[in-house]
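There are 2 protein chains.
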Amino acid sequence: MWYAVVNFSTFKRVVIGRPMRSRELNEKHNKLFWMIALPILSADLYSSVAYGPEAGLTELAHLGRSALWIVLPITGASVILLFILILSYIMGIIAYPSGGGAYSIAKDNFKKPWASLVASSSLLVDYVLTVAVSVSAGIQAVASAYPVIKPYSSSLAICCVLLLVIVNLRGVAESATIFAWPTFVFMACMILIICTGFIDELSHGFVQPSTPTFGEIPGGITILLILKAFSSACSALTGIETISNAVPVFREPRQRSAIKTYIALGSVTAVTLIGYAYHLYVRGVEVREDKTMLSQLAEQYFGHGIVYQIIIWSTFIVLILAANSTFTGFSQLSAIVASDSFLPRAFTNRGDRLGYSNGIMFLAGAAALLIALFQAQTNSLIPLYAIGVFLSFTIAQVGLCKRWLKVKGRMWKLKLAINLFGFIVTAVVTVVVAFTKFLEGAWIVLVILPIMISFSVMVKRHYDIIAEELRIDPKETRPHPHELVTLVLVSGVHRAVLQTVSFAQSLDSRAVAIYVGFDDESVDKMKLKWEEWGEPCKLVTLRGEFRSILAPLSRYIDRLEITECEQSNIHIIMPQFVTKKWWHNLLHNQSALLIRAWFLRNKDVVITTVPYHLQK
Amino acid sequence: MWYAVVNFSTFKRVVIGRPMRSRELNEKHNKLFWMIALPILSADLYSSVAYGPEAGLTELAHLGRSALWIVLPITGASVILLFILILSYIMGIIAYPSGGGAYSIAKDNFKKPWASLVASSSLLVDYVLTVAVSVSAGIQAVASAYPVIKPYSSSLAICCVLLLVIVNLRGVAESATIFAWPTFVFMACMILIICTGFIDELSHGFVQPSTPTFGEIPGGITILLILKAFSSACSALTGIETISNAVPVFREPRQRSAIKTYIALGSVTAVTLIGYAYHLYVRGVEVREDKTMLSQLAEQYFGHGIVYQIIIWSTFIVLILAANSTFTGFSQLSAIVASDSFLPRAFTNRGDRLGYSNGIMFLAGAAALLIALFQAQTNSLIPLYAIGVFLSFTIAQVGLCKRWLKVKGRMWKLKLAINLFGFIVTAVVTVVVAFTKFLEGAWIVLVILPIMISFSVMVKRHYDIIAEELRIDPKETRPHPHELVTLVLVSGVHRAVLQTVSFAQSLDSRAVAIYVGFDDESVDKMKLKWEEWGEPCKLVTLRGEFRSILAPLSRYIDRLEITECEQSNIHIIMPQFVTKKWWHNLLHNQSALLIRAWFLRNKDVVITTVPYHLQK
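Chains as they are written, first to last, in my numbering: chain A, 1 to 616; chain B, 1 to 616.
No wet-lab data here; the hints were simulated from the structure. Check before you lean on any hint, since a few could be wrong.
A pair holds if it fits inside one copy or across any two, identical chains being indistinguishable in the list.
Dumping the calculated DSS-like pairs for lysine-lysine here, alpha-carbon to alpha-carbon at most 30 Å [unchecked claim]:
| no. | residue 1 | residue 2 |
| --- | --- | --- |
| 1 | K529 | K475 |
| 2 | K525 | K475 |
| 3 | K111 | K406 |
| 4 | K616 | K112 |
| 5 | K406 | K107 |
| 6 | K260 | K406 |
| 7 | K112 | K581 |
| 8 | K529 | K460 |
| 9 | K580 | K112 |
| 10 | K538 | K525 |
| 11 | K460 | K527 |
| 12 | K525 | K460 |
| 13 | K538 | K475 |
| 14 | K616 | K107 |
| 15 | K616 | K460 |
| 16 | K475 | K527 |
| 17 | K111 | K616 |
| 18 | K581 | K460 |
| 19 | K525 | K616 |
This is chain A alone, in the form it adopts within the complex (with noise of 0.2 Å):
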């Protein structure tokens, strides 16, 4: 299996470039400038305006007509909260000036790890999520333009995801270089839409035919399904944290940089989130299965013309890249996380590229699956959604009044209010969201949650248990050389064979010949053969019976552990063909990584692999 992966190392350098060295991690070109950060760490929250007024609205289209205008105080309820937890950010900033999000936050204000695992695992879960609903979305965005890709959205979305996982590979510094401007498209195109809307209303009324009356009360609506398109609008919320996991990826001076940064994505967000779902009021925009909301805005205005493949298209790329995003969050927390030994420790390493391959490339393999059950719909994941970042959130905000009652500092109690109030705020969204979604699939997110966070908890007791178990004081304990019995499995006299045996004997003079023959025709064969080829050492032969190596072996060995030697101090060599064609492969070495795997796994002999590199 690895030598597939190994062998594509020609195709691995051009498809994610020549490797890196560790220390360009902290050159100047992987630092960004504010403004070309805000594209790409903000697509992950103003790419959401493109699903979150809408994924509201799904909720009441059972209504009709005289539902649409609750998309208002909807909205103007995101925003407020969207401004609370910005707020409630720069906080945090200002508490960890080297940045960190809820993890951080939680590990270093609470004393046991659950509260940080909590939000660790919420945020990673999160982050798979985005990706899916991203570019899911993305996908329903193109196929409103162009309804003969419906059918294969899964299949694109997936391909997207492979997409994302190159480009990632390739690093952060180059994507940023290459993904800033589209973003600014895109929000110069919401712009657009609301300048034209409003333009369009000073001529034709701010009140239109087709604008349902304010304020009316729909038959049918309850508490409960206001609360629930509340929740899903509050997936437009998300991808608020990306800034704040993200400050050491700013130039210097980077806490005042970020802050900049919240602020200005604060308010763009704010102004296009009320522009837009004004607009879809006024204009009575209904939610329809085959066109998004924004689609049929754009359509409305701007016909069919190029102004409208532009807008549909900057949404399908600033979609990608709020997955783009969250690609760079899920492997830093990862690693963080990772690297306080919660998670297995591949996820430290990073790729030739500098970015941490094994969690992007686990990122993907999640968000795929998730396409993949979901058949790419953005409303049957929406459910999923927002539960883990508001938990995130409150846990974070929870550490940060922690922090500032220990700590003080200037303007404390300023700070500590702030961070209360948002506590409370993002607590009653939690609870909301879990509680109207449950049923619709936030179950899966509250069972996936504590699974994690087991997980976790047996990573790090098992690193502990093992550390503690391969501790050896340098004084006292030294190695000590010892007596070896050397044994070589041989498959008949061929070049392989006498490279192995050359090797065997080179280590050790009494090396002894092992061959396990089937039928006693082959034994005797075999024996005729050593003999011919002037026994250059000792040939035991073993009858398998159950035309199994394994077993005849596995009986030898157990027999020399008695008579001769501990099993530790047995150490079996054998011959590997390594192939110049990877397919090659199907065709040799099956019982030798068979044998290879077994012996390691159920006895304590040391086993040396001698490659015959073939040379056809």
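Based on these hints, arrange chain B on the given structure of chain A.
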């Protein structure tokens, strides 16, 4: 990966049973009495009556009721074809008393391997299709009675394939005794339906109100359509070769037993086909999407009572048995072809229970893929079917003709005439099937066959080249011990390193320890620790600038090669953690495995793994 597999050995014991010794293969209880062999080996052919006539009529369904009578001539033609084929195959058994189907006959009678490869490849493809078609048809039969399962057809069919894998990994003889009786029950059911039909017709007349007019030419009929219907009906004839492939499975006298089985099977199949088709005609049963014709006929005679249930379930079971007999056929044929070096040798490995495990699992995987791709729809799979079988029939006939011409012997002219006639008929049918079904799916088979044949040729060529490359003159070339440079990879000072260094020093007192650090700090720390440990051997520290252990190590080895020794004389020793639980592997060894795989592939160095068995 292998660990997980090997680790499940207890699970495997429970599911598959205790391992069997080689000689058990030849013991009597694995040999079949012909009356028992009949249901097992005939399930494939006999069960096809459940879908063959229906597949033929499906082609004519759009012509309406007036085309229903065509089932009679078409079935008549297939029964004639059946007798010709059985006669030809009996000639095959006479020529090769120890058995052997189209592949062995072709191998023995054609100088070039292409004919035998065409035969083997087309048979292997058809075995895969038999499993897919039979299992799908079985599920369809049950779905006729219980429409509620229809949406889950694919998943259920794949579950059946999985079940067959388990049964087949348990071995042939046991499946025999378990599975002999259901086929008899199915035969009894078919005979019961036919007798009930005749009794019914005795009292209600052989022409009933529902009987379509015989001989009326339906509007829109063409020769092509009739040929198409005939081609589809020929799918009822697949599976004839099973018996001739399986002669070694019979109890002595094998040849006579096999011929007896053939004659018994041919008679009962012919009676069933004709009787069944006749009643379908009399009752005017039409092709329906939701209900098989067999189910409709049974319903008309027996209502929905117990008899109907027995018929449905025995149809299901016999179709599953058809798939089951194919597992034996596929794995035996692939083992024979592999032992001729035309397929990877892994196919010749017998598993613990003496079945060819790799063949069994490959067949199951391919069939499951087909079922998933074609949504378990028998009618979509039928067009791919039968070409392979008739192609291999044709080749076998030519082979036998060549043999009679060469060997002559008693009554050789009669035998030659039979096979020559058989050749003409099967060749014509092959062309008809390929031509009429080309666009509906036969092209897939006609594309896959050349690919499989080229693969076989490539495999054979590879094995030949390797054998040549490995050949040595045992008198001239003898093993020669040489100087080695021993390197030990260390990651710190702990118990696993202690064990590895001890082992290395047991082999070579001049072993050198290598440490790769990613920054100056860790390198300095390691040097200090090593000193504190009393420098058990020389320590070389390397700086890994790419955060990769591979790059600096590789450069170091290149330097060693220039200054000190050949690459093949470098011996790298490294520890590997063996975990107690399989999932702990996710937490360890990622770099160790990567290093080992990379060095084996890219360098000519010998690699030794010293296992450290974690206690927890």
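Going through the hints against the structure:
no.	hint	in the structure
1	K529 to K475	between (52 Å within a copy, 10 Å between copies)
2	K525 to K475	between (55 Å within a copy, 16 Å between copies)
3	K111 to K406	within (13 Å within a copy, 91 Å between copies)
4	K616 to K112	between (59 Å within a copy, 24 Å between copies)
5	K406 to K107	within (15 Å within a copy, 87 Å between copies)
6	K260 to K406	within (27 Å within a copy, 94 Å between copies)
7	K112 to K581	between (52 Å within a copy, 27 Å between copies)
8	K529 to K460	between (55 Å within a copy, 25 Å between copies)
9	K580 to K112	between (53 Å within a copy, 28 Å between copies)
10	K538 to K525	within (16 Å within a copy, 47 Å between copies)
11	K460 to K527	between (54 Å within a copy, 28 Å between copies)
12	K525 to K460	between (55 Å within a copy, 24 Å between copies)
13	K538 to K475	between (42 Å within a copy, 17 Å between copies)
14	K616 to K107	between (56 Å within a copy, 27 Å between copies)
15	K616 to K460	between (47 Å within a copy, 13 Å between copies)
16	K475 to K527	between (51 Å within a copy, 15 Å between copies)
17	K111 to K616	between (61 Å within a copy, 27 Å between copies)
18	K581 to K460	between (41 Å within a copy, 15 Å between copies)
19	K525 to K616	within (28 Å within a copy, 46 Å between copies)
Of the hints listed earlier, there is not a single one the structure fails to meet.
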